[in-house]
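Asker: Listed below, chain by chain, are the residues.
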Amino acid sequence: MDKNEKKVGYMTSMSKPGKGCAGDTGEWRVFKPVKDEEKCNHCLLCWIFCPEATITKDIEIDYQYCKGCGICAVECPTGAITMVKEEKQ
Amino acid sequence: MVSFKSLPEEELFLAGSTACQGCPASLALRIAFKALGSNTILLVVASCTSVLQGSYPHSAINLPLMNAAFATGGATASGVVAGIKALVKRGELEEEPTVLMWAGDGGTYDIGIQALSGAAERETDFIYVCYNNEMYSNTGTQRSGATPIGAWTTTTPGGKVQHRKDIAQIMIAHRIPYVATASLAYPLDFYQKMLKAREIRGTKYIELLAPCPPGWKFPSSKMIEVSRMAVQCGMWLLYEHEDGENRFTGATKRMIEGKVKKKPVVDYLEVQGRFKQVLASPEGKEAERMLEEDVSESIRRLHGWVPEYI
Numbered sequence: 406m407d408k409n410e411k412k413v414g415y416m417t418s419m420s421k422p423g424k425g426c427a428g429d430t431g432e433w434r435v436f437k438p439v440k441d442e443e444k445c446n447h448c449l450l451c452w453i454f455c456p457e458a459t460i461t462k463d464i465e466i467d468y469q470y471c472k473g474c475g476i477c478a479v480e481c482p483t484g485a486i487t488m489v490k491e492e493k494q
Numbered sequence: 015m016v017s018f019k020s021l022p023e024e025e026l027f028l029a030g031s032t033a034c035q036g037c038p039a040s041l042a043l044r045i046a047f048k049a050l051g052s053n054t055i056l057l058v059v060a061s062c063t064s065v066l067q068g069s070y071p072h073s074a075i076n077l078p079l080m081n082a083a084f085a086t087g088g089a090t091a092s093g094v095v096a097g098i099k100a101l102v103k104r105g106e107l108e109e110e111p112t113v114l115m116w117a118g119d120g121g122t123y124d125i126g127i128q129a130l131s132g133a134a135e136r137e138t139d140f141i142y143v144c145y146n147n148e149m150y151s152n153t154g155t156q157r158s159g160a161t162p163i164g165a166w167t168t169t170t171p172g173g174k175v176q177h178r179k180d181i182a183q184i185m186i187a188h189r190i191p192y193v194a195t196a197s198l199a200y201p202l203d204f205y206q207k208m209l210k211a212r213e214i215r216g217t218k219y220i221e222l223l224a225p226c227p228p229g230w231k232f233p234s235s236k237m238i239e240v241s242r243m244a245v246q247c248g249m250w251l252l253y254e255h256e257d258g259e260n261r262f263t264g265a266t267k268r269m270i271e272g273k274v275k276k277k278p279v280v281d282y283l284e285v286q287g288r289f290k291q292v293l294a295s296p297e298g299k300e301a302e303r304m305l306e307e308d309v310s311e312s313i314r315r316l317h318g319w320v321p322e323y324i
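Those protein sequence lines, which keep their order, are chains A and B. Take the position in the first sequence, starting the count at 1, then add 405; the result is the number in our numbering. Take the position in the second sequence, starting the count at 1, then add 14; the result is the number in our numbering.
Each hint can be trusted.
List time: in silico DSS-like cross-link candidates among lysine-lysine, alpha-carbon distance up to 30 Å:
1) B:Lys-99 to A:Lys-421
2) B:Lys-231 to B:Lys-277
3) A:Lys-440 to B:Lys-231
4) B:Lys-19 to A:Lys-440
5) B:Lys-231 to A:Lys-424
6) A:Lys-462 to B:Lys-210
7) A:Lys-424 to A:Lys-440
8) B:Lys-19 to A:Lys-444
9) B:Lys-299 to B:Lys-273
10) B:Lys-210 to B:Lys-179
11) A:Lys-437 to B:Lys-231
12) A:Lys-437 to B:Lys-19
13) A:Lys-462 to A:Lys-421
14) A:Lys-493 to B:Lys-231
15) B:Lys-179 to B:Lys-275
16) A:Lys-424 to A:Lys-493
17) B:Lys-231 to A:Lys-490
18) B:Lys-290 to A:Lys-490
19) B:Lys-19 to A:Lys-462
20) B:Lys-231 to B:Lys-179
21) A:Lys-490 to A:Lys-444
22) B:Lys-19 to A:Lys-424
23) B:Lys-290 to B:Lys-179
These aren't lab readings, by the way, just hints derived from the structure by calculation.
Sequences and hints are given; from them, build the entire structure.
Answerer: Written out as structure tokens, the structure is:
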């Protein structure tokens, strides 16, 4: 190899997929969904209707990215999810 | 029978995107990806989806994705499909990926219609999904060809006076193998339609009503509720067109068969801020009547006649 010749790696302008491309979107939230374990009957409606994919199939809410839109609380047939106001930090 | 339990758990739309709270487009993408799986190429024309996928160098969509100019939806898909065909012919690609074209109503009804029409005429093998939020939400809620009568937008401050286009009928006129409409309030219906579209060869067109909370002026928590009301009042009809026949599905089928009573359009209008002005004006009743007539007219076109209980 010529000494002026540098080994250049593979370069691309493509974006990389990953969680949180807009940062911790949980900071946008004003109201926080809180799940009542006793009332939940695992109907999975909140899981399928979550626009942000922050509720897992085991009904666990990812507060790091949940934007607090409140769809889960409105759609929950048993009223197991309530929206609670976030406390100031 | 598909149930929520049988839906795949894998998320190809990743959390923490730049979408607004309660965005219908991100929910639609999530469900579409669940149906199509990871062997999919997503093509996006200029729309909110170009924004909500995140800014460089991050992406919220865990799929190969290409952004295209506003008017080039069908043309881009044609190019990608031709490229895939060439790779398969050369033996460099074993499994053909599904090509999913994702466009808003501006990129379908107004700006992208000629490219879409061309691609449909060439019988390009791809799925075209139009998520219709009835206005140009990304650029600040201007009127589009999909805006219904009476709706406020920044360019129709007193409410739109013209009828909306029926693009699904335009696509049916292209004699493509599959045309369907879907709603986010009925995710399994949408999921099944996407599964069906994946199996069919040729151009498939699916249109989805996407109520935009900031554009339509309602709280983000009511996004699903408003989608459901649109179907229940007949402003959005769920149907699929296959083998030259229209078939109503889900909630619309129950409504046409008379099992469920059709709700008045005014209930749907009252929850949205964009109809507030026209309902309060002296022409409010007239606008309401025109929209009710619109519903009957769309049913008549699809069904041939309107049942008297509607």
